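Visitor: Hints given; two lone chains; assemble the complex.
If you want the building blocks of each chain, they are given just below.
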Amino acid sequence: MSPRDPIPFTTGGALYGARKMIPLVLSATVFGAVYGVLARDAGLSLAETVLMSATVFAGASQLIAIQLWAAPLPVLPILIATLAVNSRMLLMGASMRPWFTRISTKQAYGSFFFLTDGNWAMAMKEYFNGYRDAAFLLGSGLALYIGWVASAAIGYGMGSMVGDPRVYGLDVLLPIFFGALLAAMWKGKSDLLPWGVAALVASLASTFLPGHWYILIGGFAGSLTGLLRYREPGHVD
Amino acid sequence: MSIDPIALYTILGMTAITYATRAGGFWLMRFVPLSGRVEAWLKSIPGAVIAAVVAPSVINAGWIEAVGLLLAVIAIRVTKQEILAIVIGIGSVALLRQAFPA
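Keeping their order, the protein sequence lines are chains L and G.
So the first sequence is residues 297 to 533, counted in our numbering.
So the second sequence is residues 20 to 121, counted in our numbering.
Next up, chain G with everything else stripped away, as it sits in the complex (with noise of 0.2 Å):
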């Protein structure tokens, strides 16, 4: 068990940085007063920071793991269970893969 002195400062300075990234966004909107546009921005923040998570994996993608995400986004809209999406998506990308090996 042992720790670098260099290592150990540069995992102390990741571990800063992200901790400023997670906790920034929300102190700096101390100084922005919440008026509705600014709450009409805020709720607009979820649904586009996950479509710019997702839409370069999604261009990326081969036919099947486009496949799984459809068969995935069906199944939310369906039955609004995450879980059973998750694994109906995950669970037919692998399946293809073991039919149609790359």
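With the rest of the complex left out, here is chain L (with noise of 0.2 Å):
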């Protein structure tokens, strides 16, 4: 397929992305309910406990939030941890330039607002097989986010009826997921420094360093890594 080729966005492509997402909504369901447990017991109503879900809609954050709720609101600490923990989807938005740049802007932009770790690593899976539909993103980002929102609000109702994610292994889903993922995304011994290095980095950094940054900085370091495998044409060593 030729660089020129118009890249389609097309309901079908949204509803294979929304069944590729089955388990992952599974997990954010679970997920979204135990939030909505935590967001009422942090003192939140239900309609702010919701509508956090509805707009932010990044599970990591929202739960550090919950964990800051406090009288008088500590918005600034909220905002730098909100950022700190969402940082990493700079480099995820950055990935699928290639891609993106060749559907509208609307469709783009519209799109993005559904990005998650889960269906970004996913999207750029099939891209990477060939896949070229962009509105994977979109429908595999709803059935989600439809997941989500209204467990939040199943959650806040039944309090602690929610039952712990751990006796079915829910917990470990999403690690699981992504470790998988990784394993079918694997081309070669050439993928070893990039990993490796991002790996050993993001390990370091989510040790060491303080906030949510790990990820960021160790994806940075190991996709820079990444360029010492780019050999410009025709250049001979």
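In short, the hints are calculated from the structure, not lab data.
Everything numeric in this text was worked out from a predicted model, so none of it was measured.
Hints may be right or wrong, so weigh each one.
Below are the DSS-like pairs computed for lysine-lysine, each with C-alpha atoms no more than 30 Å apart in a straight line [claimed, not checked]:
(1) L/402 <-> G/62
(2) L/421 <-> G/99
(3) G/99 <-> L/402
(4) G/99 <-> L/483
(5) L/483 <-> L/402
(6) G/99 <-> L/485
(7) L/421 <-> G/62
(8) L/402 <-> L/485
(9) L/402 <-> L/421
(10) G/62 <-> L/483
(11) G/62 <-> G/99
Guide: Shown next, in the form of structure tokens:
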């Protein structure tokens, strides 16, 4: 496929994306409910709890905000923590540049509202395998969104009746999903350096740095070493 | 159904910051011409970011979680089915936790 071929953006692509997200929708629903329980414990109203899920739509940063929630509200620490935790998505959006410049600006910037770790990772795996329908991100994101927002209200209502996700191994669903995806993306020994550097730097950063910058730092360091793989066309060592 | 004004502003601030991180990387790349070198970097991002997400939780995991991850990795390499790999991974973790309560 040449870079000039048009990029489709179809309902079929959105539905395919949603279907690929089924296990992650399950996990988003369970954790959305856990968030709802914790938000009520932290003193948020039902409207505030659901509004946050519907507008922020980013689990890790919402859980951290809930942990910081107190009277008077520590607005600035919450906003700084949000930036730190979600900074990783800067790299995710950047990596979609070659794909999403070829759809309309409205489609691209509308879809980005629904970008999360899980559907971005799945979309890029599909893209590397030759899949091109750009509505994949929107459809997969919407599936997660519906589960995430609805379950926040359900969790808020059910309170402590929401069970412990650990019993069904659901607390490890995301790490296992990402680990399996990484294994599926493995193309050969040239991946070893960028992935190894990313893993090492992220582990060190998560241990020694405050805040939640480790994914951005590790991902950036690892992807830069990926540059070493690049050879100018016609270049001979 | 009540929303405290300060809580509302905080949530809207979180929304703006989060959307800026979602769209900001794509937007910033308008100012960087897509040379072969830049494309090579962008192509390296997904694997590196996912490795950075997973690594700290693998290091902090116990043997049960490590076994679950290993089985999921084997399952996806053999079957190429994400859903099956996830079911095998979390299923084995759930069973092992039942068998070996902490």
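Visitor: If a hint holds in the structure, say so; if it does not, say that too.
Guide: Cross-check of the supplied hints:
A hinted pair counts as satisfied when its Cα atoms are at most 30 Å apart, and residue 402 of chain L with residue 62 of chain G qualifies at roughly 24 Å. Distance check on the hinted pair: residue 421 of chain L and residue 99 of chain G sit about 12 Å apart at the alpha-carbon level, within 30 Å; holds. Pair hint residue 99 of chain G plus residue 402 of chain L does not hold up; C-alpha atoms about 34 Å apart against a cutoff of 30 Å. This hinted pair checks out: residue 99 of chain G and residue 483 of chain L have alpha carbons roughly 14 Å apart, not beyond 30 Å.
Simply put, residue 483 of chain L and residue 402 of chain L have alpha-carbon atoms about 33 Å apart, too far for the 30 Å limit, and the pair is violated. Between residue 99 of chain G and residue 485 of chain L the CA atoms are separated by roughly 20 Å; this keeps the pair inside 30 Å, and the hint holds. In summary, the hint linking residue 421 of chain L to residue 62 of chain G is supported, as the alpha carbons are separated by about 11 Å, within the 30 Å threshold. Only pairs whose Cα atoms come within 30 Å are accepted, and residue 402 of chain L paired with residue 485 of chain L is rejected, the gap being roughly 39 Å.
With a CA separation close to 24 Å, the supplied pair residue 402 of chain L and residue 421 of chain L stays within the 30 Å bound. Restraint check for residue 62 of chain G and residue 483 of chain L: the C-alpha separation of about 12 Å stays at or below 30 Å, so the hint holds. In summary, the hint linking residue 62 of chain G to residue 99 of chain G is supported, as the alpha carbons are separated by about 21 Å, within the 30 Å threshold.
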